[in-house]
Amino acid sequence: MRMSINDVSVTFTRAGSTVEALKDINLSLHEGEFVALLGPSGCGKSTLLTCLGGLMTPTKGEIVVGDSVVENPDPRRAAFVFQDYSLLPWKNILDNVGVGLRFAGVGKQERRQRSQELLEMMGLSQWGESHPGQLSGGMQQRVAVARALAMDPSILLMDEPFGALDEQTRRSLGESISTVLTQNKQTVVLVTHSLDEAIYWADRVIVMSARPGRVMAEVQIRQPRPRPLEFIAQEDFAQLRSQLFLMLNEAMGHDQQANPLEPQRA
Amino acid sequence: MKEHKTSPLVWPLRALGLGALIGVWAFGNGPGGISPLVLPTIPRVLEALGEALSQFSTYEAAAITFGEILAAFIIASVFGLAAGFWAARTPLRLQVFQSIFVWGYLAPLILFYPIFILSFGTGVGSKIGYGAVSAFFPIAYNSLRAFATVQPTMLKVAKAFGASSFQTDFLIKLPSALPLISSGVRIGAGASMITVIFAEMLASTAGLGYQLALNSQTFAAPQAFAMIILLMALVGVLQGLVNLLLTPRRDRGKIINVAH
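Protein chains in written order, with our numbering: chain A, 1 to 266; chain B, 1001 to 1260.
Calculated directly from the structure, the hints in this document are not laboratory data. Accuracy of the hints is not assured; some may be wrong.
Mimicking EDC-like on lysine to aspartate or glutamate, the simulated pairs with C-alpha atoms at most 20 Å apart in a straight line are [unchecked claim]:
#1 A:60 - A:71
#2 A:185 - A:152
#3 B:1159 - A:152
#4 B:1156 - A:235
Whole structure, please, built from the sequences with the hints as guidance.
Below, the structure written as structure tokens:
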């Protein structure tokens, strides 16, 4: 389903002072497109994602999915995968995957059948009766992806889904989930700090400026999805990485020689 | 949380502790020179216990005490849980009632026992009322804290995945709050047992606590000790029931070390 972000600005008050988080964001997402939002810390990437999912209303502008304006969360329209997994510790894995279906009033048998199918797709079929505490971080994140896919959403919103994982797990999990998402043909919006993640996953990378977040640049990644891990070692990848590195540097207001991945000095 | 296997030393060490208690008791009766009016001999206590167990009135008294504790505990649990849930719903209520529940939790409620006697008489009503009020505050306070401190990420999941207000309360907040509520209910169960037995001893006409006080006042030490043993057994049964009720089915029979 097509998504339009029209003149979206977000301002909020924190500790008595007004913070302008996003300013005049205009974007269009095509059906089945994978878009990565890349930008320095605090540039409003997650705030934008929260607005896209209806968890927050923009101060100005609107977000339109299909023909309707996004005003409230609707997991069938857009489902979230959070960085901290946010699985319910008292429920087993099958019930965690089916929690959105339960909220939607889907019967137990149908719910469990759908959850089991998704666990099989994620390579976790034997873990259905386990509890989240018994699974590794990578496995829990796969459960969180399955929970979102269970809603069969038009759009998948992923907020730094691999931020809490080690490099090795990120890579292998990235490859397997990328395959699943390509097969599902959902529109995906991924918030990330990682240049590699953005290039490896996305069809288009949106680079945002430091606060207030604005769209600074867009880069198309023309390699077809799903991409093999070997793509990371190719020359194209290195060139795109270098291009995005310089853009990110500029986004942070540094000169072109400075390292944008180092913390900003006062 | 880390699970531990039950060590084979647990039961021998418990038996050793019981043996040491019996040894100290026997020493007190013999070389220790403690008067049998204060510390009766073990055979004499066992004889009194046998006599008590052969009398229907003992079972009647046990049933009264058991019923009073159970009624007090159930009333306190229902009202305490409801009060904690209601008070945690808005920041204003939270600020107002948190201090009140803490006060009720820490205040010496025994000061108000005469009011229960005046209101309900010396029968079971005053014991149930006093026991319920004593158990209410720890349950209400823990429930309030439990509902007020549900992790924001859990609420975010509920909202993002389309939970209604009712579903958020009963499928997210309640199970998330359950560990802290369980602590409050355990404390409340202990409070209701202590206060009901104490109230029976202070002013009553029936129950095992009343029998214990009566035997103590008439210097019937073996009978008083027999009542203490019966009350300990009754409290053990009640604690077992509460544990069974509050331990999730999958954790039953496990020793969980929450410090890890």
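Against the structure, the hints:
Proposed proximity of residue 60 (chain A) and residue 71 (chain A) is supported: the alpha carbons are some 13 Å apart, at most 20 Å. Distance restraint check for residue 185 (chain A) and residue 152 (chain A): the Cα-Cα separation of roughly 11 Å lies within the 20 Å cut-off, and the hinted pair is therefore satisfied. Using a Cα cut-off of 20 Å, the hinted pair residue 1159 (chain B) and residue 152 (chain A) holds, with the two alpha carbons roughly 17 Å apart. Restraint check for residue 1156 (chain B) and residue 235 (chain A): not satisfied, since their Cα atoms lie roughly 41 Å apart, outside the 20 Å limit.
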